[in-house]
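Asks: One-letter residues, chain by chain:
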Amino acid sequence: DTGVSQNPRHKITKRGQNVTFRCDPISEHNRLYWYRQTLGQGPEFLTYFQNEAQLEKSRLLSDRFSAERPKGSFSTLEIQRTEQGDSAMYLCASSALQGSAGELFFGEGSRLTVL
Amino acid sequence: SQKIEQNSEALNIQEGKTATLTCNYTNYSPAYLQWYRQDPGRGPVFLLLIRENEKEKRKERLKVTFDTTLKQSLFHITASQPADSATYLCAHWGYSTLTFGKGTMLLVSP
Chain A
1 DTGVSQNPRH KITKRGQNVT FRCDPISEHN RLYWYRQTLG QGPEFLTYFQ
51 NEAQLEKSRL LSDRFSAERP KGSFSTLEIQ RTEQGDSAMY LCASSALQGS
101 AGELFFGEGS RLTVL
Chain B
1 SQKIEQNSEA LNIQEGKTAT LTCNYTNYSP AYLQWYRQDP GRGPVFLLLI
51 RENEKEKRKE RLKVTFDTTL KQSLFHITAS QPADSATYLC AHWGYSTLTF
101 GKGTMLLVSP
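As they're listed, the protein sequences go chains A and B.
So that you can map any letter, position 6 of the first sequence is 6 in our numbering, and since no number is skipped, the others follow by simple counting.
So that you can map any letter, position 65 of the second sequence is 65 in our numbering, and since no number is skipped, the others follow by simple counting.
Don't read these hints as lab results, they were simulated from the structure.
Errors might be hidden in some of the hints.
[Said to hold, decoys possible] Heads up, simulated DSS-like pairs for lysine-lysine below, C-alpha to C-alpha not over 27 Å straight-line:
(1) B:K59 to B:K102
(2) B:K17 to B:K59
(3) A:K57 to B:K59
(4) B:K71 to B:K57
(5) A:K57 to B:K102
(6) A:K57 to A:K11
(7) B:K71 to B:K102
(8) A:K11 to B:K102
(9) B:K102 to B:K57
[To be verified] Some chain A residues near chain B, calculated using beta-carbon distances under 10 Å:
(10) Q6
(11) R31
(12) Q41
(13) G42
(14) L61
(15) F65
(16) E68
(17) A93
(18) S95
(19) E103
(20) L104
Using N, Cα and C, we set each Cβ at its ideal position, and we do this for glycine too.
One chain only, chain A, in its complex shape (with noise of 0.2 Å):
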């Protein structure tokens, strides 16, 4: 397994479109996390699946926003009517099932810039 993946790795859009990014995190890792970073700042909560179950959502996700993970496997981050404050770095990242000491394993991220 190479780590985790995310793609696509840049994405442009004009204010207004819809946007979805794609996760496939380390086969064996039960949990998969969205995060959002933007310049300057750490990693930003955004909402976390064990398996299919999406467990918990940040108050920075909006309505806009919408998350997958259908199958317990891959993951899918989408944003409706994107604004030009959705502009940031979006990463995943997942981890075994071992309770709160596990380690995070990100991607590289997807970068959004609207326009």
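Chain A is fixed; fit chain B onto it per the hints.
Replies: Then chain B, alone, in the frame of chain A:
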């Protein structure tokens, strides 16, 4: 809620010196603290984890300390190299999610 604070100013040091980065937390003492490295345009990479009951943890040139009295973790890189230049993130687990500080950029000059 728990807050993680890291010095937002970049740390500039010369090659060969020891770099020391600070992570302060408010409120309760987290059971674990983690440190990650992040290069520009890349995802964070896990480096070290230290438990609340551990005073110190080492891995090669890296050392992390955890002082629950000061509510602080220190991250040291000894014999620093230009390749160590990156942003270093401190993080703690809340109930079910990992919360990160803003990170501190380290610049090691030859």
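Asks: Could you work out which of the previously given hints the structure breaks and list their numbers from low to high?
Replies: Going through the list in order, the structure violates hints 3, 14, 15, 16 and respects the others.
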